[in-house]
Each structure stands twice: as structure tokens, then as C-alpha cells.
Amino acid sequence: MLHIKCPHCGIRSQNEFSYGGDATVKRPELNKEISDQDWNNFVYNRKSLRGKHLELWQHLSGCRQWIKVERDTATHEIFNTLKANEDIS
Amino acid sequence: MTQSFRLENVGLINKDKKLSFKFNGKTYYGYEGDTLASALIANGVHLVGRSFKYHRPRGFFGAGVDEPYAVVQLYRNGETEPNIKATEQELFEGLEATSVNCWPSVNFDIGAINNFFRIFLHAGFYYKTFMWPKSFWYKVYEPFIRKAAGFGVVSTKHDKERYEHKYEYCDLLIVGSGPSGLASAYAAAKNGARVILAEDKPRFGGTLLTSEVNIGNQSGKEWAEGIIAELKEMPNVTVKNRSQVFGYYDHNMLVMSERISDHLPKTKKFHPKQRLWYIRAKEVLISSGSIERPIVFGNNDTPGVILSSAAKEYLKVYGVLVGRNPLIFTNNDSGYETAIEFKKNGVDPIILDTRKDPQSEIVDEAKNLGINIKFSYVVVAAQGYKKVKSADVAKISDDKEQLGAVENIKCDCICVSGFWTPTIHLASQSGNKTKFNEDIDAFVSGTSKQNETTLGAANGTYTLDETLKSSFETGHELSKKITNNDNKISFPNVVEKKSTTHDKFWCVPLPEGKNYKRFLDFQNDVAVSDVEIALKEGYRSIEHVKRYTTLGMATDQGKTSNLNGLQLVSSIENKIVPAVGHTTFRPPYTPVSIGAIVGREVGKHSKPTRKSPMHSWHEKNNAVFVDAGVWLRPRYYKQGNENLFEGSKREAKNVRTNVGVCDVTTLGKIDIKGPDAAELLNRVYTNAWLKLPVGKARYGVMLREDGIVMDDGTTTRISENHYHMTTTTAQAANVLSHLEYYLQLVWPELNVNVVSTTEQWAGAAIAGPKSRDLLQKLFPNSDVLNEGLPFMGYMEGDLFGVKARIFRISFSGELAYEVNVESDNGNFMWEKIMEIGEEFKVQPYGTEALSTLRIEMGHVAGSELDGRTIPYDNSLEGLLSKKKDFIGKRSLNREAFIAEDRQKVVGVVPLDKKTSIPEGSHLVKDSNAPLPNPKLGYISASCWSVEHDNPFSLAILKDGKNMIGEKLFAMSPLKNKVIPVEIISSHYVDPKGERVRS
Ligand SMILES: [Zn+2]
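As they're listed, the protein sequences go chains P and X.
Residue numbers for the first sequence, in the working numbering: 4 to 92.
Residue numbers for the second sequence, in the working numbering: 544 to 1541.
Treat the hints as calculated values from the structure; they're not laboratory data.
No incorrect hints appear here.
Just so you have them, the derived chain X footprint on chain P, three or more residues with Cβ under 8 Å:
{"id": "1", "stretch": "4 to 11"}
{"id": "2", "stretch": "28 to 38"}
{"id": "3", "stretch": "42 to 53"}
{"id": "4", "stretch": "61 to 72"}
Cross-link-like lysine-lysine pairs, in silico, DSS-like; alpha carbons within 30 Å at most:
{"id": "5", "chain 1": "X", "residue 1": "Lys809", "chain 2": "X", "residue 2": "Lys783"}
{"id": "6", "chain 1": "P", "residue 1": "Lys55", "chain 2": "X", "residue 2": "Lys978"}
{"id": "7", "chain 1": "P", "residue 1": "Lys50", "chain 2": "X", "residue 2": "Lys1432"}
{"id": "8", "chain 1": "P", "residue 1": "Lys50", "chain 2": "X", "residue 2": "Lys976"}
{"id": "9", "chain 1": "P", "residue 1": "Lys55", "chain 2": "X", "residue 2": "Lys992"}
For clarity, every value in this text was computed on a predicted model and none was experimentally measured.
Ideal Cβ positions, reconstructed from N, Cα and C, are used throughout, including at glycine.
Bound-form chain P, shown alone (with noise of 0.2 Å):
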């Protein structure tokens, strides 16, 4: 079970979060055109990375905030965790 650190609340095990996927992924605007391929990758196209990894999760049992957290998918170390508005500097 991974160790998370929250940027709200500290440290706590991963079964206080649920994930949400790849973080560097930009929701299109609204009501902009948008071509099917751009669409499609939107919905549907992630990488399968195996390294270092941007993602989502989302403290559920806590302060149910979105947090990122930059994760190695074949080691699961966490490098980094940050808040929902911050970016990897």
C-alpha cells in the first residue's frame, strides 16, 4: 500500500485516495471547435509510461481535495506531491 503525501492534510496510505489518471492532461475548452482526432485522444488516449509519471488522485477519505502526485510506475516511488493549482517547477 503506497504512502501519500497529501499537500493538505500530510502523509497517509493510499487507501484514503481514489486515483484519477494522468494529470497532464488538458480538458478541452468549452464550446471551441475541436478536431475528432484531438477529441479522441482527450477521451480516450493515455500513455502506458513506465518511469515517472504526472497523476491524479483525490484525498476521498480526507479533505477530498484533487491533488497531484508525480509517481515511478514500476517502482512506485513518489517524487513529489502537489496541490491541484500548483505545476512541477
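Keeping the supplied structure of chain P fixed, place chain X with the ligand upon it in accordance with the hints.
Quick look at chain X with the ligand alone, frame taken from chain P:
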């Protein structure tokens, strides 16, 4: 029966307390502190089971967790448990155990004919032998295998024992209480660290209990006892025996099973049987020691062939002789220690040493004691069937290829030592690679991937002095890092006998003309010849060899067999062992009971139970409950001898004719506040929300980004910037997360707050033609007529002093209202409705009637909104705004979603108007078409229409739009039904929707 193999004044057991026990129906005696194994050996019992494949007699091979053979069925306090190692099971008064894997009995085992037909049972026997002829499978092979194979019987009774889970945090978790575990625990504890020390055996001290060493001015055993006593007194230390750390997971989370009551005849009141610990440690020290490995020789599985370290442990810990005429077969000094213990207790051993001329203090001591030692000698084969009677031995050439003349030596046991294999299972589970250590011919743990250190024998360090030094040092350093303290303890002086190097020899060649079975894996009956066959047949990867031969599988996980298997593969393949590599070590290290894994989460405790505030009323009024997610909801209220069908029909009918009341507390409720609340709703729902006036509700559908319907419900504008959203019971949590996702990550500029208020409100749906009459009497001061409270209207009201929210919304298709009050007032509201509603013949209705009402109305719900349908499929396309964008809109023009013959919800009635259609039935054109019969759709929900008094179903049907009036078949192979049906509109009742507005 007397304990004829018990020594008088040796052992750590309590000889004042005699215990009786039964094995295979026969009564024996042992002492408190015995294991089942030591007590049986004390009684001269060596035959405990039959082997897995060949059903060869099996005895004891080890003295603890490494035991591959002595797995028994245990009977304790009226319960039975399989897969218990006799070497681990502590004796208690009245213990009963039986052998497994033998039929009809351990002494006469019919499966042993396998042994004579073993030519059929070599490597890959699973895959080959039982394949032909095919007709033999059911009649011959399967019953035979079922009867003859297996490691015991699982009880089918409910396990009444209690198992607990515990979560713990510490600075250092130390696995194993041998010299390295004790030293590191002591150093760290003295330096202020929070320490957990785990020992799988009942006694602490590991090899210190059986080694002839001195630490300071004490014996090793006394030193261990002193350290443990001191650790137990320290508030920052938790010391646990009978506790096996069996799994090493991510981020230094380890799991340990503590056997609290297994050694007692019966679990004490309020005590658990076992406790599973989830331990998160800042640092982990693995001091799990080493397991002695066997030397491979002919018939090396005969009862009486035993690890030399086990023989020593039985002698020194339990005061039990594994034989009175022991032969020690060794390639290193460890065998000598066992021989010396025998000699000291008046038993004359013979040592066969594969080495030519070893020089060490231990060898000298054995010589000085006058022990008969034969150098450059090997055991060629054990002789005897159910017990070793003698050994064929021979001199071996210096290159270990040639055997001399075979001689026979009388003996009653063969204690074998092929040097030591570090227990690296946990280190490997932690993610570490392993590396091969040439000096010890075994793998040790490579660079640590987590905060973990492997110490002592587990790391291939075999001198006590070195082990203690490095362990004191590591314990100190790691604790200093965590606590910033620097209290060093002085290092004690160590006296131990110097040993010399081992011989790399591991397998005795077959003598000319002999074809003895030489076993590698004792639990799975894998012999040298099996691995040879596997390699001949082309298997190369060690993982494949493992699965083809079953080498190193099952509960044993190759504890004693791994390395010899690898040695064999590498010698045949002409590779070095590290090039062959080893199979993956996976948790659990040793079997863990399912009870411990499940813990308290059984029966009612397997999930939380949520009850509405009106639950006790429902109970008092004969509600039959149904699980709705974690909620308990009334399914129907039983009257007299009514069954579900009759009761729900009565309730639904009463809604259609009079008025009914349904507990809708479980619906998800989300409070939405903020100046941008309308904008959020406008983006989340598919329809328009910006112009909804205060005091009005609206029905909305929300999609996922892929265009699939996520949920539906009504949302009401309570005030300018305040909305009350309802969700389905099932999706309540997901919808809240969904809203939070968009608010926090996608549109953080929206000034809105959302919070779940599901549990804050008790809800009652009042539905039926007389619902307004009832409502008027409930709220005499409010104008609930059409003018004051039109369809989809909202108002606040005063329910006899209780503040209430009144919504005019309908799920049943009837004139209906929903009243919410604060949860604490739920029962009050309900009782008022029942009391005042009496004159209107109000009846409560449950989920079954609720379903009936919504199905015959054609109102889609969870069974249609099942995560596979889009708005069109549910005839909700009218709710898709063309003017604005919303979540998932862009996906709706996907080719499949706009296809002309797209599936759509329809109504289905059986042609005979009698036969109910099972939910899940498939709709097909031709009931006699060959399989696979093309499926046009499926029945999503079925009910008995109370309006039409015949069965009615909803279905999702391909090209549903153009299928109205078609005749199809509903087929349910599960229920073995084929029903001719007609497709009709999904709106079976009040298609114009006049009632809700009446
Ligand atoms: Zn948090």
C-alpha cells in the same frame, strides 16, 4: 505409549506439564513447549504423511517454517484446519491431528502404487499423463486424483473464531529475533527508536538457543533471554513472538500474522485467534536467518532423513532424539555441531564428510570426542521404506565424479547438511535484485530499493562476532538517523568456535546400475530426473521449469529446494547459477489463514450498513429489507402471508388509486452554493440551467466525457445562489467526486462549493391521485394547490412545527411530492404522514413497487443507465441542449452514437399477457436460429404492470425506434425460457404525462 526418544535433562520445554494428544486416532503424550513434531518424534513416530505425487512415506525434514513434509489436518475445539505444519503447531492438551494426502491410511496407502508406476508421473505429469484416453478423465483420472491428492480438507462450517487487523507505525521493524535481530533491536531501542521485534517461533533467540557460544560472560541463550527481558520492559519497544512477517509491500508496508491462540486448546473469551498487523516502518531490518539446505542423494526423502540443524534443534530445544543411531552427512562444519550434541548426550554418531581434510576448531573437537568421522565419504542412498534402516555409503573421488565401493552402514536417521541458504524472501519482495555469493553458493539480497537492511545469516554472514558487530552498528546508525540520539552501547566480547569453508558439493552421483530417486523438492515430489526431462524437452527459463515440474511451488515456495534445483539446471546447461537466475519470491512467505486476511470484515461487518432515520418504523411495520448498495431499504411491507409479488403489486396499485409513501432518504443529495452555481449546473447537465427561477426544480441528465449517461436526478433552486441536487442512490459518491474534479481541476475559476447532504435530510415521496389532499392536511398553512405549487415547483413548509422542504417531483408518474425534513425529524414526518394519510388510505411502498411504477411509466433508471448507454438510447435526447456545450457533448456525434439503427429503450409485453420475462433475457428474431443467435437487445427491467394487470418489461433494443409493433422472442437460457413478445412504446402508462401535472 512412552516417550522413548526423550532425553532426561535436556531441552527448554516444561516437563512438569504433561499433555495428551491424538495423531491418526492414537493417543500419545508430550510436554508443554513441544511442537506436534517434537512430541511425535519423542514417541518414535516418523511416518506422518504421504508425498504429493508418488505417495511415498513422509517424515519430518525440518523443525520450523521450512518443513516441506509434515503438513497435517488439525482438529481444535470442534473446528478443523488443513495445511498446518506439525513443526510449527505447538502442542496443547487434547490436540488432534491426522495425516493428509493418504488414503485409506498412512501405513497402507493405495496411492503408493503411483510409486511403482512413476514412469508415468515424471515432469509435466499434469499436462501429459491424464490427457489420454480422453474418456478416462471423468471416470478414472479425476475421481482418482481427487481422492488421492491434496493437502487436507477445508472446513465448510462458519469459522466462529475472531480475527483482527491492526495498523501500526514504527521507526524500526526487525524481522527475526536471532543474534542480529536482538543486537540491532537492542541498539536501536537504547537509542530511543520505536521498535517492533517480530519472531515467528514461540521462543526468542533464534540460533542462540542451540549454539555453543558465549556473549560477554553469558551463554548465547542467557544473553538472548536477558536482552529480550530488557526489551520487553521498554515503552518504545513491541516484542512479538509467534508472529510471521510474510509480506513486504510498497513504501515499507509489511504485513505480519500473529498467532495469538493457535497454541491453546481453545481461544480465550474476547481474544482473537490471530491478528494481522499492517506495519508501516521507517526502516526495516531483515534478520530472518538462513535455512539449511539438503544434499541430494538416493531415496533422500525416506523418513529419518532430516536436516542436521533440525536434529540439533529437536535435541537442544525439545530434548528429543531423532534417532539413536545417527549418521551425519555434511559438506561443512555445521554437521559436526549436531554430531557433538549427540555425542554429549550419550549417542554415538558417525560423520560422513564430503571434504577431504577440513581443519577447524569444530572438526578438532569432534575428533577429540572420539566421533567416528569418514572424510571424502558420501551417502549414496538411504535404505528402508517407512523409516531409514541403513545407508549405502561410498568414498568419493576428489573431483566428486567417481564413487568407490558401496558399503552399508546401519543407522536410524541421516542428518544432512549441505550448508546454508539465506532467507531473502522478504528482501526480494521489497523489490531488491538478488546477487549470487560464490562464498556461500547462494543468493543474497542486492542493493536495497526501500529503507531496508538485511543482516546476519540472512545476508550470508555466518560468524557470530561479525553478525553482532554489524547488527549493533546498524541498529545504532539507523536509530540515530531517525531519533538524532547518539547513545551507544558497549559491544560484548564473543566466544565462538572457528569453522572452515564448506564443500561446494551438493548432489551425489548415481552408482553404476542404480536408478535411485534423488529428490530436489520434497513437498512437490520433484526429482533430479524430472528436471532433466524438462530440460530435455526444451524448457529453458527457470520460471518455465518451475511450472512444468512444480519445483519450488505450493506452500513450500522452495525454501529447501530452490538452490539445488538451480544447481542442477546450471550444471546441465553448463551455466553458472547466477546466469540461470531464480524464480520470483512472492508473498506470503508461508501460508496465512484466510480468516486472518479477512479479519473482522465478515457477514454483516463486510460493509457498513446505512439505515434511514425511519428504519425502526419500517422494521415495526413488517418491512422486508433489501440491500441497495450499503443502504438497507424496505423492499415491501408484508401483510399477512403475502409474498414479494403480491405485496409489491398491492402497494403499487394503491399508489395508482389512492396515495403511497416511500422512504427516499437514500437518494444522493448535494448542496451547491456560490455565484457560479448555475454555470456549473449548465456545464454538468445536458440541458439548460441558467434561467431556472428560484423555487423551481428541473430534471437533468449528466454525461461522462465519453458521452455515456452517468446519472440523472432533479436539482432545485432553493435561493439565488443555492441549489439542491439529487442523484441516484448508487451514484451519489461518484457524482460528488465528479463535481469536485471539475471545480478543483478543470474550472477552478468557478466560485462554487459542493457538499454532500445525503445524511442531513430524511425524504418521503408521497405519490398518487390523493397525494395533494394528504399534503394539504400536512401543511394546512401552505398553498400546495397547482397555483402555489405547480409541477416541478418547490416551497418550504411548516410540518407541525418542523421545517420542511416540499418538492413537486414525480418518479412514479403519478401526481407526487417529495418532502424533506432534517434527519432527526424523519420519524416524526413519517408518522404524521401515516396518521393523517389514513383517511386517504395511504400505504407505505417499498423499492419493488417503486420499480414497478417507474418501469410501467417508461422512466429509465439504473438498469438502463448502466454505464453503456447514451441519452438517445434512453429516449433522453430531448434534454440535449443545442445551444450550449456540456460535459460529454463532443462525444455524442461519434459514428456509432448517431447510427440510424442505434439501440433505444422500448417496452415489451409477452404475447400471452401472462408470462413474466426474466430480466437479462435476450431479444432475438428467430428462437430456433443456430447459435450464436444474433442478439437484437436485452430486457433491462421487468414488472407486473398494475395498470394493465399483465407483465411488462423495458428493453434496450437495436433500432428500437423502428421496432414498435414487431414480434420477437425473449430468450433466457438461464431460466430455460423462450417467450414470444411484442415490442411497444416504453411509456405503458399515461404516455402524455398528464397525471404529474394534474
Ligand atoms: Zn488531504
